[in-house]
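Top to bottom, those sequences are chains A and B.
Counting from 1, one number per residue, gives the positions in the first sequence under my numbering.
Counting from 1, one number per residue, gives the positions in the second sequence under my numbering.
Calculated directly from the structure, the hints in this document are not laboratory data.
All figures in this text were calculated on a predicted structure; none of them were measured in a lab.
Be aware that one or more of the hints could be misleading.
Since copy identity is lost for identical chains, a pair holds within one copy or between any two.
Unchecked claim - Mimicking DSS-like on lysine-lysine, the simulated pairs with C-alpha atoms at most 25 angstroms apart in a straight line are:
| # | residue 1 | residue 2 |
| --- | --- | --- |
| 1 | Lys20 | Lys253 |
| 2 | Lys253 | Lys27 |
| 3 | Lys32 | Lys51 |
2 protein chains.
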Amino acid sequence: MEGKDKKKDLTPISELGEFKLIEELTKTFEIKSEFTDMGVGDDAAILDFKKQKVLISTDMLVEGVHFDLAYTPLKHLGYKAVVSNLSDIFSMNANCSQITVSVALSNRFTLESIEELYLGIRAACKKFNVDLVGGDTTSSNKGLIISITAIGHAKEKLISKRNGAKLNDLVVVSGDLGSAYMGLQILKRENEVFKVNPNNQPDLSNYTYLLQRQLKPDARKDVIEFFEKNKIIPTSMIDISDGLSSEILHICKNSNVGCNIYEDKIPVSEELKAACEEFKLHSTTVAMGGGEDYELLFTIDQKDFDKIKSSPDLTVIGHITQDSESINLITKAEQSVPITSQGWKSF
Amino acid sequence: MEGKDKKKDLTPISELGEFKLIEELTKTFEIKSEFTDMGVGDDAAILDFKKQKVLISTDMLVEGVHFDLAYTPLKHLGYKAVVSNLSDIFSMNANCSQITVSVALSNRFTLESIEELYLGIRAACKKFNVDLVGGDTTSSNKGLIISITAIGHAKEKLISKRNGAKLNDLVVVSGDLGSAYMGLQILKRENEVFKVNPNNQPDLSNYTYLLQRQLKPDARKDVIEFFEKNKIIPTSMIDISDGLSSEILHICKNSNVGCNIYEDKIPVSEELKAACEEFKLHSTTVAMGGGEDYELLFTIDQKDFDKIKSSPDLTVIGHITQDSESINLITKAEQSVPITSQGWKSF
Chain A
1 MEGKDKKKDL
11 TPISELGEFK
21 LIEELTKTFE
31 IKSEFTDMGV
41 GDDAAILDFK
51 KQKVLISTDM
61 LVEGVHFDLA
71 YTPLKHLGYK
81 AVVSNLSDIF
91 SMNANCSQIT
101 VSVALSNRFT
111 LESIEELYLG
121 IRAACKKFNV
131 DLVGGDTTSS
141 NKGLIISITA
151 IGHAKEKLIS
161 KRNGAKLNDL
171 VVVSGDLGSA
181 YMGLQILKRE
191 NEVFKVNPNN
201 QPDLSNYTYL
211 LQRQLKPDAR
221 KDVIEFFEKN
231 KIIPTSMIDI
241 SDGLSSEILH
251 ICKNSNVGCN
261 IYEDKIPVSE
271 ELKAACEEFK
281 LHSTTVAMGG
291 GEDYELLFTI
301 DQKDFDKIKS
311 SPDLTVIGHI
321 TQDSESINLI
331 TKAEQSVPIT
341 SQGWKSF
Chain B
1 MEGKDKKKDL
11 TPISELGEFK
21 LIEELTKTFE
31 IKSEFTDMGV
41 GDDAAILDFK
51 KQKVLISTDM
61 LVEGVHFDLA
71 YTPLKHLGYK
81 AVVSNLSDIF
91 SMNANCSQIT
101 VSVALSNRFT
111 LESIEELYLG
121 IRAACKKFNV
131 DLVGGDTTSS
141 NKGLIISITA
151 IGHAKEKLIS
161 KRNGAKLNDL
171 VVVSGDLGSA
181 YMGLQILKRE
191 NEVFKVNPNN
201 QPDLSNYTYL
211 LQRQLKPDAR
221 KDVIEFFEKN
231 KIIPTSMIDI
241 SDGLSSEILH
251 ICKNSNVGCN
261 IYEDKIPVSE
271 ELKAACEEFK
281 LHSTTVAMGG
291 GEDYELLFTI
301 DQKDFDKIKS
311 SPDLTVIGHI
321 TQDSESINLI
331 TKAEQSVPIT
341 SQGWKSF
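One chain only, chain A, in its complex shape:
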């Protein structure tokens, strides 16, 4: 009976209407950025970027394609949806100041469940000092769709694009790779177990790090701040959302260069190694193919090596070569293997 009463307290979205819903969801968001003049509540938000360049990036997440609510709590989903967009702005060596969030949802969602989603969105806004300045909520025939646009700013000379990698530049990556992908495999496995035996209480304590990497990744604003502090401007940069293989190909293709990446340099966590043994997977394959780590992959001039070598969080994994047809992984057995990737295929 208690469960029933509890359910009765929930508010069907259909009771609210669009304007009320937006008001309800955005009333706890404050405007804090000096680059925001006016946020939600008119036809458009008003931003002011002084003499800086404006950067804009957008992303769409679809239930059943990009996430599965069976193992993604709505709050984490909201957080991660923001993070993945901020990551695109940070990967230009720019700071992010605003986002807009549009959500389409089927009538199986209640106000309380969508408020969970917005709690996660708010947590990310707070952590990264970003204002929510607009959005749209509407109904969908099936499932949940989230579309986020992130707006950033930077001085022109500081912006790092994909196309600036030069011969002999060092290829560097932040953090470690593959853990987010592995976290997803663990969640999927537990979900299968749960389907067979819903009373099974899984012990996931061995996988805390991997699950956190999947469920609550962070965008590397700290790395951008490290660059600023140490006067580093990466010659090229991209965030790792689709896997190292895919991203290094983007950089090389856009910069018209090749590269050698050294397998033994690719940073992976101890937790990933252990889980790979358990799942009988090759950790290099996971680190190169697995997406959603939101680490930064960038190139720097060799003269900047001294500035990064003391950072335990940045790893040189290779260098840029001249021949754009030659994008290689140098394996631990010192074999040279061409790196290929289809990118991320959602279709």
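Assemble the complex: chain A is given as a structure, and chain B must be docked to it using the hints.
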């Protein structure tokens, strides 16, 4: 057989993958705005707004909720999706310079059908001098979802918000109202007839204007240009996407004022009047409740009346009053009726 061969030439989206699809869809879009430094092709687009304020607005359209492909050609849908977003920027008395477009689509769509959508998007970009600078394409489990973000710019002192209407200001509307809604009713009726008898060739020649208003509406950039030329800054402004009733309530609520709107002043087309007789509808009800006209509703100081009175496309429909509880329609019988609206309820 011809039909079958034709179908064989179509390209399933699944053959392309995400990067190829984006490339394919955006390769015919050029960067033209002086406010765009770099568009599609990196993690974020780079914009430069000099010393102007930046405006941003976003919108999500869901198949089965906002449009029905049974009577909306994809090309028109693309055009209209852009127009509805530009309209939000124009309604701040600002110009629009860039858009981002994200699309989620189920596997029933082919590349050719989505190219139709982008043809419409491109036509709107061209007409309104707007650059496509980013976006995302992904798969959906069901139907088509389009999310557009529009970016605009204006000098601060020229921006018209919803909250500036003052006592004795004139309430003005561009164009005529209700025709887009009526166009939709006609399309719905023809669709029902078609379901019963697919060989029936409907004669829609009497409804050309109403259908055009529904299928290919235009945002009123020309009105913004008229303001600039005539040195008019509306004290408040909103675009009519959800119907006159809903929009005038927004202006009055945000400005903390009331108004009298005169029924006999509300501009309606002859085509709307004729169709209302046929459908046994009251044209004032349609003009006040029907959305999607994308006309501008604004208030101006009385001293500006001389500047607008010569424009055949702008109609004074009422004036602002002091009492914010008193938002009235003065009927042709000279009765005062409170204006109410639920806004647009998509749930």
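Original post:
Against the structure shown, which of the earlier numbered hints fail to hold, in ascending order?
Top reply: none
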